[in-house]
Amino acid sequence: MDPIREAELLMTRRQLIGRSTLGIGTAALSRLLGLGGLTTLAGLAEGQSRGFPNFAPKAKRVIFLFMSGGPSHLDLWDYKPKLHDQFNLDLPDQVRRGQRVTTMTSGQTRFPIAPSVYKFNRHDNNAEGIWVSELLPHTAEVVKELCVVKSMWTDTINHDPATTFMQTGSPLPGRPSMGAWISYGLGSMNEDLPTYIVLHSKVSSNKPNQAVYPRLWGTGFLPSEYQGVALRSAGDPVLFLKDPEGLDRTTRRKMLDTVGALNQQQLEASGDPEIAARIKQYELAFRLQTSVPGLMDLSKETPETFELYGKDAHEPGTFASNCLLARRMVQSGVRFIQIFHRGWDLHSDLTVDIPSQAKDVDQGCAALIKDLKRTGLLDETLVVWAGEFGRTVYCQGPLSQTNYGRDHHPRAFTIWMAGGGVKPGIVYGQTDDYGYNIVDKDGGIIDPSIDEFTPGAVHIHDLQATILNQLGIDHTKLTYRYQGRDFRLTDVHGHVVKDLLL
Amino acid sequence: MKVGLPLLAASVGFVAWAAQPGQTGGPTVSYDREVLPILSQKCFKCHGPDAGTAAAGLRLDSFDLATKDGAVVPGSPEKSLLIKRTSAHEMPPPDSGGKPLSAAQIDVLSRWIKQGAKYEKHWSYVPPVMQSLPKVSDPAWCKNALDKFVMAKLDAEGLTPEPLADKNTLALRAAETLTGLPPTKAELNSYLKDAQSGSYERYVDRLLAKPAYGEHMARYWLDAVRYGDTHGLQLDNERGVFPYRDWVVRAYNQDLPFDKFVTWQMAGDLLPNPTTEQRIATGYVRMNITTNEGGAIAEEFLARNTFDRVDTTSTVMLGLTVQCAKCHDHKYDPVKQSDYYGLYAFFNSTKDAPLDGNILLPPPFVKAATPEDEAHLLALGSQLTALRGKVDAAQAAAYFDSHKAPVPTAKDWQISLVNTFKSFDEAFDTASPGEPGQNGITRWTPFSYSPGQPAAGIVGKDNSSVYVRGTLHLEKAGRVGLGVSSDDGVKVWLNGKLIHSNKTSRGVDQAIDQVTADLRAGDNELVVKIVNGAGPDGMNIRIGSPDAKRIADALAAHAKGDDAGLKSAYLELGPETTDATRYRSIAKQKADYEAAIPMSLTAEEMDKPRPTFILKRGQYDQPGDKVVRHLPAAWGAWPKEAPMNRLGLARWLVSPQNPLVSRVFVNRMWQQHFGTGIVKTVEDFGSQGEWPMNQPLLDYLATRFQQDGWSMKKLNRLIVTSAAFRQVARADKTKLGKDPENRLLSRGPRFRLDAEAIRDKALFASGLLLQKVGGHGFKTYQPDGIWEGASDPASSTHFYTRDKDQQIYRRSLYMFWKRTAPPPAMITFDAPLRDTCVVRRSVTNTPLQALTTLNETTFLEASRVMAQRVMATAPDDPTRLKVAFETAFSRPANTAETKLLADALTAFKLRYVNDPGAADQLVKVGDAAQAKVASYEEVAAWMLLCSTLMNTDEFLTQH
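Keeping their order, the protein sequence lines are chains A and B.
Mapping the first sequence onto numbering that gives the first Met the number 0, position 206 (from 1) lands on 205, and the numbers just tick up by one.
Mapping the second sequence onto numbering that gives the first Met the number 0, position 606 (from 1) lands on 605, and the numbers just tick up by one.
Errors might be hidden in some of the hints.
[Claimed, not checked] The calculated label-pair distances, taken between Cβ atoms and stated as ranges, are: (1) B:Asp165 - A:Arg252: 31 to 39 Å; (2) A:Glu267 - B:His375: 32 to 40 Å; (3) A:Asp92 - B:Ser61: 27 to 35 Å; (4) B:Thr444 - A:Lys118: 51 to 59 Å; (5) A:Gly97 - B:Asp424: 40 to 48 Å; (6) A:Thr478 - B:Thr27: 31 to 39 Å; (7) A:Gly97 - B:Gly356: 25 to 33 Å; (8) B:Asn143 - A:Thr478: 20 to 28 Å.
[To be verified] Computed list of lysine-lysine pairs in BS3-like fashion (alpha-carbon distance at most 30 Å, straight line): (9) A:Lys476 - B:Lys403; (10) A:Lys241 - B:Lys923; (11) A:Lys253 - B:Lys713; (12) B:Lys713 - B:Lys803; (13) A:Lys253 - B:Lys908; (14) A:Lys476 - B:Lys615; (15) B:Lys403 - B:Lys475; (16) A:Lys241 - B:Lys803; (17) B:Lys134 - B:Lys615; (18) B:Lys98 - B:Lys475.
Hints listed in this document are in silico derivations from the structure and should not be mistaken for laboratory results.
Ideal placement from N, C-alpha and C gives every residue a C-beta, glycine not left out.
Construct the complete structure from the given sequences, taking the supplied hints into account.
Right, here's the structure in full:
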């Protein structure tokens, strides 16, 4: 164990135990969960220490960049030069192997190959180098920091279940999101901001977008204080944060003091510790009214920083602006930051839309990595870039030399991670010449199983286990008893992919 | 988990348990209460009911299996391998992640074995029996039978209950728990003034009779059945099922017995001659979230929908969690995988398609007339019948014979070749061979066509046209109506003359163009050009006006002796007599009334059930052995003569031999009134769930509920008139120590109100609350972008357009519930999303909640309107303060409170007198009209005062 971290851990424990003797209302103060540094205090006071991290963490926090809709690995990351000779040829049966396809293409009489029209360039990383599409020029500059996984796979083939699976570990609604699990297990690192923040990004393309909804950052059966707080780029960043016009801070203070005094009387009369918690919550709300606008205010950021993130970063709600906010949140002690970017579901006219999709996110991603690196935060911040699945090598709809569409493909797709104790500058796993099946180094098809870890392939549950591992959480131990069963993010599956880790 | 070494193989590390005295003595160990939780948590994962994973062939879940190889040797813990291996910390295997058993746990197992290792059925699988009332220390405290059980428990724990709370407190507590609203001033006063004994009981009866009672009760049920106004997945379009919600409200208000309440919902469609209400109730079966996402595979979603129905039914009705058995035999409870699919088979054969088509009303559905609607329509109908009875059929026939419009015959239909162009415009505008006036020659082929019927696919190509022609024959020249539908564009010629042209893009069912055709005597040539833009195409030509056809049909029926059609046609289309005018007016009223009745999704059983197979690992495409509908053996016997379908399942649920249903429901009712159930895990009565805190109390309630004819009102009355419910809600140090969560009921209930009750209470205090039962969900104030930012633009619920009238002041129960983006203020206060079954809401306390009640528009508007209302009632501040306080809390203020509020008011007034502009800004919130009661400076100060009251713990809490 890293001795400094060990000391940090010990110190936190001691502080917590010390503070838990404060007495009055500590059990009730526990309800502060999700906000404020007293989270874990509560657990201890109630004799229910959740005991996380249960080993020294490599990362203190996570930034998850979620590309909703399923980005095409074939046009961004998974270079398949041999396909150029196979334009419009049928996908060989020994590649598809009769596997299910969605009902959008199951009626097609042919599965013609659509090679990517985009140029790929080789970039040095810390291993054999990596080929990156011309659509991601900025991200290509930081590949020395990226741990690129080309052999992700998932169980589900439609958006709603696949997205829900990535975010909550189950294709069916009702489970807590990853961020909620992490908030529940680790609590907060700050006094004034939520533990788990969600940001939505504007999308340049006009294509219909898959919905993203509160269940993806919800708490399922966990107490709802662990849910993600979605910050909005227009209107109040946190719902109902702003006092109404005509109400100044002094008057608000006077009002809250009166509320507090009335509550104090009730506390004395009834002895209900929950009232003490409510008094505290109103104080926190008052502080949030200052801390959140402070967080959202980019005016103090330097011109160099804006240079790094690009001119989009001046416009609230863009992906670049959200990445910059994420860096600020990291500095303010937010534990889990989820940025959504939609519009990747390109069933047709892929070449019309993917350039703007890529442009939306490319510079922001690269800037975030560079910015975290230069501020010394990258080592302890895990950044993840992923969609819910990949896309098919065969064309959906009309195919021409310059345009094509691609259907959903759950059997292989590419994601990347950076910082937070993952190996920088490597590529893990590979697919066959069609980007269709995961294969071993000799090109033999790997049929990964959910039941046991299949080296070379990374299942969604493996990714989730690995993310928790970097935070110092054994994914089999972070459980919550509900309906008589111990639930966990990784269900009964998942293995930490050690090959990805430093 | 790695399969452990066989239990028999090793015996190292044996702990000398017998060396410790006293372990075999003491009271009898309960298998169910003490032993099962240990075995279930520590052993069953590998040695439990799941035969598929029984490690080393050992199972510990029954006497025979546990004793056959010496794992358990009755009477001899020292010989039992269970004790040896666990004491040696060999079991659970250290590498399994399971913690070793504690010394206390091993002691329990040892004593149990010493006492003979008796197995017994889990308590919740044994039907409840009527309990005799226990002796208590203070019978005078007890108000009814429930209190005997509560007090017996307190006596055993050395605690004394609190005295009854004062009348103001009780008035508010009972009103909030039964109706979700505070009492009106009149209700409060009449109770306060009633000095006779039984005043509280009478007050409770008045509350139970209010429509607000059913609305409040329904809310809990709707959480459990996951009611929502949208499909819940992907596009999340609106679905039409709110009449189901209104039926639930009605059922509570009419006190529909719970056995019927359950049966109608589970299987109303299978009852003999089901009423409309019984069919609406089957909306329960349809309530699962659905999708029609592009590319979705129907079989997969059939399985998911069915899983959802099975899991919800088992949680809501039985308090059991069966979903583990989807993939393997249940690890802890006696539900085999084949049992799971035995239940599944009850729910996988309804007529609704697995994919919802993204439409409002995926069939089947019913016109959801309420009994009042049906009575009203029946009354109108009999008025019409009476008027029809007065018509002389012969006179009517004579009238029509002289007035009937001609209906031509049509024959000799033919179709041309298809002509293809570069664009739709070109195809529409270009005259091709076959068009009147065009000289080219086309090849006409005979075309089998019946006027009035759609003909699809007659063009077959995009940007193309085709001509259809036929002969219309009429004896005498006359004017005839044609109804022309087309996909897409259409032109019509009569005898070479263009009589209609519509350059449009549409489906054949979308519109009927009305065209007038002046026919000559004899044969006429009709030519129709259909132009297809893209996709499907087709046409439909109706000949003769609908009225003419109706008259012709009526006359034909009359000729055969059936006058019904003729008489109504005569009143509607004949001469304008007094009767005819009345008839038309009533018929229109009836039609309008009928049209306004909403549809509601229902369940209907397929004629032939689908075959059911075990789905390996729960995967829809991996069918295993075939299974038939059946109950897990441990759940008890199927009622005699009950059919093997949902109706039979419902009959079993409410049969006296069912051990769970009544317990589960009374327990949830208890949770509503006390904040926590007698079994805290209201969703799990299985072996992993909590043991009841007071089982005699639970069983008494469960049996009494059935004896009282499953009356939910009687059940509620019994609970809220108990002394346990009526105690002072006050906790001292001793009680916080011995009974921290008030599970023993050593004091009155005190917990935060639910989201809906908080909003309703604010509206109620302001006087804005509109108490109108039922109807389409309303949309109130909501920050911009909540829907738009989260949903697909193609969704029917992408744009949020809020209502602008009184609707927005309705009770929160009726808020339009978009399941992927429910009203944010509700979610902040722990309302569930309603995409899955929730029988226990979490109750949190967060700063986001504080921000909501401080700043959300409804709350600010309510405080402003409450201020104006308070100011209108009295001219002076002290009286106003008294009114405001009592409106908010249903009790008078004490001196300290009055002083605090008076000080605050002074400060607020000073602030706004010095800055009238700020006051103008503050009070402008909300749609509600500004009552002209005082200057805006004064209103602003009072508004903040009312907001202060609404943000206190006392306002937000049921106490």
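Right, here's what the structure says about each hint:
1. The hint said 31 to 39 Å for the Cβ distance between B:Asp165 and A:Arg252, and at roughly 34 Å that hint holds.
2. Range check, A:Glu267 to B:His375: about 57 Å between beta-carbon atoms, so the 32 to 40 Å window is missed.
3. The given range of 27 to 35 Å is broken by A:Asp92 and B:Ser61, whose C-beta atoms sit roughly 51 Å from each other.
4. Between B:Thr444 and A:Lys118, the C-beta spacing of about 55 Å keeps the proposed range 51 to 59 Å intact.
5. A hinted range of 40 to 48 Å holds for the C-beta pair A:Gly97 and B:Asp424, which are about 45 Å apart.
6. For the pair A:Thr478 and B:Thr27, the supplied restraint of 31 to 39 Å holds, since their beta-carbon distance comes to about 33 Å.
7. The hinted window of 25 to 33 Å between A:Gly97 and B:Gly356 holds, with their beta carbons roughly 29 Å apart.
8. Separated by about 42 Å at the C-beta atoms, B:Asn143 and A:Thr478 break the suggested range of 20 to 28 Å.
9. With a C-alpha separation of about 84 Å, the suggested pairing of A:Lys476 with B:Lys403 is violated against the 30 Å cut-off.
10. For the suggested pair A:Lys241 and B:Lys923, the alpha carbons sit about 16 Å apart, so the restraint of at most 30 Å is met.
11. Pair hint A:Lys253 plus B:Lys713 does not hold up; C-alpha atoms about 47 Å apart against a cutoff of 30 Å.
12. The suggested pairing of B:Lys713 with B:Lys803 is violated, with an alpha-carbon distance near 40 Å, which exceeds 30 Å.
13. Between A:Lys253 and B:Lys908, the direct Cα distance comes to roughly 12 Å. Compliance with the 30 Å bound is thereby established for this hinted pair.
14. Pair hint A:Lys476 plus B:Lys615 holds up; C-alpha atoms about 27 Å apart against a cutoff of 30 Å.
15. Distance hint between B:Lys403 and B:Lys475 is fulfilled; the C-alpha atoms sit about 13 Å from each other, no more than 30 Å.
16. Restraint check for A:Lys241 and B:Lys803: satisfied, since their Cα atoms lie roughly 24 Å apart, inside the 30 Å limit.
17. Taking the CA atoms of B:Lys134 and B:Lys615, the gap is about 54 Å. The hint is violated against a cut of 30 Å.
18. Simply put, B:Lys98 and B:Lys475 have alpha-carbon atoms about 99 Å apart, too far for the 30 Å limit, and the pair is violated.
Checked against the numbered hints above, the structure breaks hints 2, 3, 8, 9, 11, 12, 17, 18 and satisfies the rest.
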